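Heads up: the sequence lines are chains A and B, in that order.
Each step along the first sequence adds one to the number in numbering that gives the first Met the number 0, with nothing skipped, and position 157 is 156.
Each step along the second sequence adds one to the number in numbering that gives the first Met the number 0, with nothing skipped, and position 232 is 231.
Treat the hints loosely; a few may be bogus.
[What the hints assert, rightly or not] Below, simulated DSS-like cross-link-like pairs (lysine-lysine); rule was C-alpha separation at most 25 Å, straight line:
hint, chain 1, residue 1, chain 2, residue 2
1, A, 385, B, 104
2, A, 332, B, 119
3, A, 385, B, 148
[What the hints assert, rightly or not] A few chain B residues that don't get close to chain A, going by computed Cβ distances all over 12 Å:
hint, residue
4, 8
5, 73
6, 82
7, 86
8, 131
9, 145
10, 186
11, 187
12, 188
13, 199
14, 209
15, 225
16, 234
17, 249
[What the hints assert, rightly or not] Derived Cβ-Cβ restraints for the label pairs, each shown as a range:
hint, chain 1, residue 1, chain 2, residue 2, range
18, A, 299, B, 203, 32 to 38 Å
19, A, 436, B, 14, 32 to 38 Å
20, A, 398, B, 95, 32 to 38 Å
21, A, 326, B, 215, 33 to 39 Å
22, A, 386, B, 203, 34 to 40 Å
23, B, 82, A, 307, 15 to 21 Å
24, A, 307, B, 10, 15 to 21 Å
None of these hints come from the bench; they were simulated from the model.
Just so we're clear, the structure is a prediction, and the values are computed from it rather than from any experiment.
All C-beta atoms, glycine included, are put in the ideal place defined by N, C-alpha and C.
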Amino acid sequence: MDKRKTFFVPLTFIGVVLSPVFILLLSHFVLMEKSHSPDLLSRLAFASSILCLSLYAIVLIVEFISPLAIKSATFTTAFVALGLFGVMILSDDGANFLRYIGIAIPDWEWFTLLRYWLQFASFLFACTYLFRFAMQDLKVPFAQTNRMVSRLLLVFIFFLFFGLSWLRLQWIAVIAFFIISVYWVAIVALSLTHRNAWTATSLFTFLIFGGVASQILLSSMAYALPQIFTPVIAISAYGTHICLCFFLIYLCFTLFSIRRGYQNEQLASQVEEMQTNILKNQISSHFLFNALSNVKFSYHHSANEGDLALDQLSRFLRSYTEAGDTYLVPLEKELDLLQSYSELYHISHRGIQLIFNIESYEYEVPYFSLQPLLENAFHYGGLDQKEGGYVQIDSFEQGGYYHLVFSDNGVGFDTKKIRSESVGIRNVKKRFELLCHATFTLESQEGQGTKITILIPKEKEAAS
Amino acid sequence: MRIIVVDDETAPLHLFLEGTLALDHATDYHFFHDDTEKILKYCRDFPVDGAFLDVRMPRIDGVDLARQIIAIHPQIRIVFVTGFSITLEDIDEAVRSNVIGIAFKPLNEMDLSRYLDAMKQQKTILVARTFGSFDCFIHGQLVRFSSTKSKELFAYLIVNDGKSVTMNQAITALWPDRDIDKAKILYRDAVWRLRSTLSDIGFPCVEFGRAVLTLNKADIQCDYYDLLAGKDVDYPGEFLASYEWSLPYEEIIDRKLGR
């Protein structure tokens with residue numbers, strides 16, 4: 000991202016500052032040239048150009064200097080602006096404008112031809128980025144595969160234009176481009192209709208793209224077949240400006256909605272993080288006071304026992320403070336945590352056994368994911384009331400999965416009556432699913448006990 | 000052997016070292032508050048072998064101090080003492096190679112004994128006492144096993160004199176009355192706990208294979224081994240008091256002593 004920043008910052012600067020300015024001056028010049036007393040249409044076109052360009056400039060400058068840094072959306076819009084700038088400056092109107100302000104643009108045929116090629120290339124450049132811009136929000140399924148094909152097609156069309164212009168037949172290439180654009184638009188439109196996902200943004204995109212493409216098509220046809228298309232030449236200049244205005248309004252609109260979407264996303268992830276922290280803190284304070292009282296109790300037995308209990312608590316708390324930064328830990332570490340936790344709860348005094356039936360342990364689990372399960376078993380399992388109450392942890396490998404089973408022979412519960420997924424368990428389930436791509440199932444039978452089975456795929460293990 | 004301790008608070012480490020080194024006349028230890036001048040002067044005047052340094056002190060940064068001391072004594076062995084959860088990666092690379100451990104507050108005696116032995120460059124020896132009841136000691140501290148069965152399993156490994164012990168052998172000895180499936184689960188539990196304990200004390204002397212365990216006798220000092228080797232030991236008549244499977248081994252001892 001940094002490389003892109005240093006390379007593209009000057010380009011973005013050109014796009015941001017120069018293109019609106021040039022387009023504005025050009026519009027003014029074209030209108031002046033066309034008539035000495037501008038008609039209503041000219042005035043409207045000119046006014047809307049100024050309005051849109053101001054809006055566009057403000058938005059881009061704000062984007063540019065905002066703390067969000069340069070996002071790919073801004074790059075894309077800058078490239079589109081650059082493309083359109085190219086189209087403008089390389090057009091006949093643009094060449095005349097430059098001559099008007101004193102820059103000598105040669106009149107030679109090959110130079111004019113070069114101008115047309117570059118103009119077309121700029122237009123294709125702007126179109127590519129406009130499409131990327133529109134498609135990135137839509138996430139069209141074909142778009143992924145079509146992207147490479149589309150790029151190749153664009154290059155092909157350019158060379159077609161390039162080649163055909165020797166024969167003054169470049170309008171064939173323009174028609175081909177138009178047909179392919181229709182194809183793209185059709186795919187996107189069908190996909191949106193199919194998923195019922197039409198929005199103002201997508202509609203706008205089609206209108207603008209349709210407008211600009213038709214406009215270029217018509218002006219090319221007009222130059223190629225002037226007899227048929229003479230009236231078109233007159234409106235084509237305005238057409239470009241009006242399309243441009245629509246396009247700029249669209250850009251502003253989209254930039255703002257992207258920004259709002261990004262902010263919402265940030266807010267949502269912050270809220271989730273806060274909720275996870277609250278959960279962790281809830282576990283912490285509730286458990287902490289219990290543990291401290293056990294430590295005090297141990298000291299009443301003997302100073303040595305008290306020291307041991309305090310050491311266990313310290314170990315546990317130390318792991319707890321590390322848990323914020325770590326997502327996955329080796330199973331061993333998590334099981335050590337369980338042992339510390341159980342000792343702090345004096346489960347052996349309460350007649351509860353913790354059994355580690357471990358055959359495989361070379362995999363990782365989310366940090367602090369098994370401790371809530373143990374806590375649940377201790378609190379709701381009713382294990383101290385039963386004779387020979389235990390919590391057993393099995394870990395073995397079978398059929399390409401690591402099986403991690405957490406079972407107890409406590410009182411169990413009716414999974415239909417009580418919410419089988421308390422907040423703590425839900426958190427553990429979610430983390431296993433997200434971090435290990437594991438499946439998490441809970442079964443319970445009243446009077447018999449509870450069993451939690453976690454299946455962790457081996458291959459994904461290797462990948463993560 | 001000369002050790003220095005630098006800490007802005009006095010009590011815990013000081014007490015421990017005072018107690019432990021009271022009878023050790025070969026080790027000289029000196030306590031400093033966070034006074035850089037004094038510390039460096041001492042280091043320049045005397046050959047210091049090891050240092051316990053607090054990481055966060057009001058006047059100086061522990062790691063910074065370490066760097067300066069290492070400049071004077073490049074081979075010095077350092078143990079950082081800290082209340083935070085830091086790891087070796089958090090410590091400056093220049094200092095890292097001299098760090099032999101990090102002791103977390105609240106300090107516990109087992110860890111401190113281990114670091115002290117490492118500082119003295121004394122080999123770690125596990126002392127296993129089989130006469131009377133079974134107990135193990137390391138760095139002068141009693142080894143705490145997390146369950147009675149894992150301790151019993153370790154005893155079984157010890158008296159088997161380094162020969163491999165299979166799961167079935169262990170189950171027959173330790174869980175003779177249980178059904179085989181339950182016994183296997185309890186065996187795995189004991190194995191896991193033993194593995195955990197040995198890893199905690201930093202003495203991984205058992206090779207944990209698939210359904211077979213092998214003890215590495217090196218660095219284990221055992222009264223039973225001494226007796227078998229013909230050394231002069233005081234046998235009180237009681238061997239592995241609480242374990243039922245000790246009978247055959249008692250017979251071995253009786254034969255050796257000619258009773």
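How the hints compare with the structure:
no., hint, verdict
1, A/385 <-> B/104, "38 Å, violated"
2, A/332 <-> B/119, "30 Å, violated"
3, A/385 <-> B/148, "22 Å, holds"
4, 8, "17 Å, holds"
5, 73, "32 Å, holds"
6, 82, "10 Å, violated"
7, 86, "9 Å, violated"
8, 131, "20 Å, holds"
9, 145, "6 Å, violated"
10, 186, "9 Å, violated"
11, 187, "5 Å, violated"
12, 188, "5 Å, violated"
13, 199, "8 Å, violated"
14, 209, "9 Å, violated"
15, 225, "29 Å, holds"
16, 234, "29 Å, holds"
17, 249, "30 Å, holds"
18, A/299 <-> B/203: 32 to 38 Å, "36 Å, holds"
19, A/436 <-> B/14: 32 to 38 Å, "51 Å, violated"
20, A/398 <-> B/95: 32 to 38 Å, "44 Å, violated"
21, A/326 <-> B/215: 33 to 39 Å, "36 Å, holds"
22, A/386 <-> B/203: 34 to 40 Å, "37 Å, holds"
23, B/82 <-> A/307: 15 to 21 Å, "20 Å, holds"
24, A/307 <-> B/10: 15 to 21 Å, "20 Å, holds"
Violated hints, listed in ascending order, are 1, 2, 6, 7, 9, 10, 11, 12, 13, 14, 19 and 20; each of the other numbered hints is respected by the structure.
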